[in-house]
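Q: Chains as they are written, first to last, in the numbering used here: chain A, 1 to 341; chain B, 1 to 341.
In short, the hints are calculated from the structure, not lab data. Take the hints with a grain of salt, since some may be wrong.
In silico DSBU-like links for lysine-lysine, alpha-carbon gap of 35 Å or less [as the list claims (entries may be wrong)]: (1) B:Lys107 / B:Lys140; (2) B:Lys140 / B:Lys184; (3) A:Lys63 / A:Lys5; (4) A:Lys38 / B:Lys134; (5) B:Lys63 / A:Lys61; (6) A:Lys211 / A:Lys140; (7) B:Lys211 / A:Lys92; (8) A:Lys6 / B:Lys107; (9) B:Lys92 / A:Lys73; (10) A:Lys5 / B:Lys6; (11) B:Lys10 / B:Lys25; (12) A:Lys142 / B:Lys38; (13) B:Lys25 / B:Lys61; (14) A:Lys61 / B:Lys10; (15) B:Lys180 / B:Lys211; (16) B:Lys6 / A:Lys107; (17) B:Lys236 / A:Lys269; (18) B:Lys199 / A:Lys63; (19) A:Lys85 / B:Lys38; (20) B:Lys92 / A:Lys140; (21) B:Lys73 / B:Lys38; (22) A:Lys61 / B:Lys38; (23) B:Lys61 / B:Lys140; (24) B:Lys38 / B:Lys63; (25) B:Lys199 / A:Lys134; (26) B:Lys25 / A:Lys73; (27) B:Lys134 / A:Lys92; (28) A:Lys61 / A:Lys73; (29) A:Lys142 / A:Lys85; (30) B:Lys6 / B:Lys107.
Number of protein chains: 2
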Amino acid sequence: MINKKKTTIKDIANVLGITPSAVSKALNNHPRISTKTKTAVLQVAENLNYQPNHLASALRKGKSNLIGVIIPKANSHFFSSIIEKIEDLLSKEGYNIIITQSYESYKKECRCIDALLYTQVDGIIASMANETVKLDYYEKIKAQGIPLILFDRGENDLNVDYVGIDDYQSSQVAIEHLVKQGCKRIAHIAGFSHTRIYKNRIRGYRDALKKFKLPIEDQLIVESNLQIEDGRRIMKQLLNLSKRPDGVYVSGDYAALGALQVLEEENIKVPFDISLVGFGNESFTSLVTPSMTSIEQHSTKIGELAANALLQRIATQNQNVSLNKMILQAELIVRDSSKRI
Amino acid sequence: MINKKKTTIKDIANVLGITPSAVSKALNNHPRISTKTKTAVLQVAENLNYQPNHLASALRKGKSNLIGVIIPKANSHFFSSIIEKIEDLLSKEGYNIIITQSYESYKKECRCIDALLYTQVDGIIASMANETVKLDYYEKIKAQGIPLILFDRGENDLNVDYVGIDDYQSSQVAIEHLVKQGCKRIAHIAGFSHTRIYKNRIRGYRDALKKFKLPIEDQLIVESNLQIEDGRRIMKQLLNLSKRPDGVYVSGDYAALGALQVLEEENIKVPFDISLVGFGNESFTSLVTPSMTSIEQHSTKIGELAANALLQRIATQNQNVSLNKMILQAELIVRDSSKRI
DNA sequence: TATTTTTGTTCAATCGTTGGAACAAATATA
DNA sequence: TATATTTGTTCCAACGATTGAACAAAAATA
Chain A
1 MINKKKTTIK
11 DIANVLGITP
21 SAVSKALNNH
31 PRISTKTKTA
41 VLQVAENLNY
51 QPNHLASALR
61 KGKSNLIGVI
71 IPKANSHFFS
81 SIIEKIEDLL
91 SKEGYNIIIT
101 QSYESYKKEC
111 RCIDALLYTQ
121 VDGIIASMAN
131 ETVKLDYYEK
141 IKAQGIPLIL
151 FDRGENDLNV
161 DYVGIDDYQS
171 SQVAIEHLVK
181 QGCKRIAHIA
191 GFSHTRIYKN
201 RIRGYRDALK
211 KFKLPIEDQL
221 IVESNLQIED
231 GRRIMKQLLN
241 LSKRPDGVYV
251 SGDYAALGAL
261 QVLEEENIKV
271 PFDISLVGFG
281 NESFTSLVTP
291 SMTSIEQHST
301 KIGELAANAL
311 LQRIATQNQN
321 VSLNKMILQA
331 ELIVRDSSKR
341 I
Chain B
1 MINKKKTTIK
11 DIANVLGITP
21 SAVSKALNNH
31 PRISTKTKTA
41 VLQVAENLNY
51 QPNHLASALR
61 KGKSNLIGVI
71 IPKANSHFFS
81 SIIEKIEDLL
91 SKEGYNIIIT
101 QSYESYKKEC
111 RCIDALLYTQ
121 VDGIIASMAN
131 ETVKLDYYEK
141 IKAQGIPLIL
151 FDRGENDLNV
161 DYVGIDDYQS
171 SQVAIEHLVK
181 QGCKRIAHIA
191 GFSHTRIYKN
201 RIRGYRDALK
211 KFKLPIEDQL
221 IVESNLQIED
231 GRRIMKQLLN
241 LSKRPDGVYV
251 SGDYAALGAL
261 QVLEEENIKV
271 PFDISLVGFG
281 NESFTSLVTP
291 SMTSIEQHST
301 KIGELAANAL
311 LQRIATQNQN
321 VSLNKMILQA
331 ELIVRDSSKR
341 I
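Generate the whole structure from the sequences, applying the supplied hints.
A: See the structure below:
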């Protein structure tokens, strides 16, 4: 039953008594091929259930029409909606997307990059793993002349287009909000400061505290991987301080959720005893009790800008186009976890 | 600075004064090539920063080493951990994974399939979109002789290997639990019954009610897409019944979350007034208040079985191997939303 | 009618890699 | 020493599609 041998343009050519190249041109709608043979070719192609061999044409044309995407993990509102947007825009231009996940590991990220280069993608859109410090693998992409766009987690030193939000300003907005709600001692459950975005958030947090003349203490700033467990652990740690904070700004929603759990378990009233602000506006933030104030990162917009930037780069591949850093303003979504008034 | 022309085995051959085929054989560790030339080739390859052209070798070998995965949306614990496992196992065998998302839409699913076929994947692992009823596109995969494994959402009629949990039995376990907790009138927020898994869950629910001699009423069974909003809407609807249920079994955690929200808003005591059981054991189930009883689907195990089944199929491609239906027992994770005693 | 232009197709090379056949040189066996 | 075997390499034809050049036939122009 199953047709083991795949039909090729040669088969179509044989049926019609013309050459493969005529078939190829017909399929590609070449102007010099008569409408008669074009329709005939299309007809036979249909009959024989012809599927063009992408490998062959990609090899010949030197273009795979594949775009690689590297993200830490698709398992979040932020990344999955960015991907949805990228997929949407690029598929309109005839590209297919290969999604790979680094699981926040440098080693796996390298494997992702190798896999994508191996697949001969025409371009890569990536958000770096938290763990990544060395940029050698990203340099490899650049060295091969493959267009690369970074978003959210990106390094300036790489000198490639970048799309992200203004982390520094986000922190300022978050802290200003907490201060307005009456917080006087604000802790920060931070990401690792070797990552640029977390460093900027920490800087924004510090500068904002300074601005409002609030205490800046090292014990109130704890860096971590921002997983739920990290949030739990660090929140407990903060509660054990002789002088507890009355507001906590968390650099990630999952960690914030962990923190919230601990506060619930310890019967600490949120937002009145301690107010909480998360980051990322994950879908669960509006669903937990109390609902969680968080920072929206405009994922759809980021996806759109990244996709367009890549298309732009591909179009102007060998020209020397200037770098593009696109920084969006983040937005604070105020919910119950910080609404005292 | 950028080396525009990519190095090929021909370049390596030229440097060493040997033929490209010798280089190819050296790189592929052919037994008849001397260790001397092998090391020399490796050395030069390194120096010239040689990257093998996957397109060319795939074309020649008729094998792309790419595996396609189709899922509704990566944005869930269930699917993302299945993918992680699949990726892990298949990459060990030298395969790279292309993840595509159908977003529960039949049309997008068709696009995914086309994209994967176009990319000449060596096999496909898929979980069908809720919306999908017509199987023509999946037939297309089969017709091309590409190994296909379905998991979770799969159709029996397709006659391909399948990995999933025992939905019928899951419902039975869930209902039995609710009955033991004292529920006498149990509603079911169900998925659409045209999907096999949801149909089976509904059947399991009905049969369990029958077994325990509890009322089976059409108004207590509502089908939907199981999104948060569906859960909210249907829960409100159930609360408006003249005889409210005292237990609700929901076929998806997101819908269960929506239901839980409504119950909270209406100040209905969970689990005492109404007990709630979800499905999927999403990460948030343990995080909401009250924590939610749910059914664990053993995603890692499913991923493992699916990956191995695919490898098996690829290995025995033209042989006539009998079909494999792997059904796992689901496990009820009891939490506060149903723990009355 | 002779010449130019247009149209529709074929020819042949190519993309980079692979692998079986062929072949010469080195080594082993009779 | 003659023959058989092993070893290391080259040769060459693929894989399937593409593309510019070439070419004949048809149509248009002089």
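Q: With reference to the structure, classify each hint as holding or not holding.
A: Hint check results:
no. : hint                : verdict
1   : B:Lys107 / B:Lys140 : 15 Å, holds
2   : B:Lys140 / B:Lys184 : 48 Å, violated
3   : A:Lys63 / A:Lys5    : 26 Å, holds
4   : A:Lys38 / B:Lys134  : 31 Å, holds
5   : B:Lys63 / A:Lys61   : 19 Å, holds
6   : A:Lys211 / A:Lys140 : 42 Å, violated
7   : B:Lys211 / A:Lys92  : 53 Å, violated
8   : A:Lys6 / B:Lys107   : 25 Å, holds
9   : B:Lys92 / A:Lys73   : 20 Å, holds
10  : A:Lys5 / B:Lys6     : 33 Å, holds
11  : B:Lys10 / B:Lys25   : 12 Å, holds
12  : A:Lys142 / B:Lys38  : 29 Å, holds
13  : B:Lys25 / B:Lys61   : 14 Å, holds
14  : A:Lys61 / B:Lys10   : 19 Å, holds
15  : B:Lys180 / B:Lys211 : 13 Å, holds
16  : B:Lys6 / A:Lys107   : 25 Å, holds
17  : B:Lys236 / A:Lys269 : 29 Å, holds
18  : B:Lys199 / A:Lys63  : 45 Å, violated
19  : A:Lys85 / B:Lys38   : 46 Å, violated
20  : B:Lys92 / A:Lys140  : 23 Å, holds
21  : B:Lys73 / B:Lys38   : 46 Å, violated
22  : A:Lys61 / B:Lys38   : 31 Å, holds
23  : B:Lys61 / B:Lys140  : 23 Å, holds
24  : B:Lys38 / B:Lys63   : 25 Å, holds
25  : B:Lys199 / A:Lys134 : 51 Å, violated
26  : B:Lys25 / A:Lys73   : 38 Å, violated
27  : B:Lys134 / A:Lys92  : 24 Å, holds
28  : A:Lys61 / A:Lys73   : 33 Å, holds
29  : A:Lys142 / A:Lys85  : 24 Å, holds
30  : B:Lys6 / B:Lys107   : 38 Å, violated
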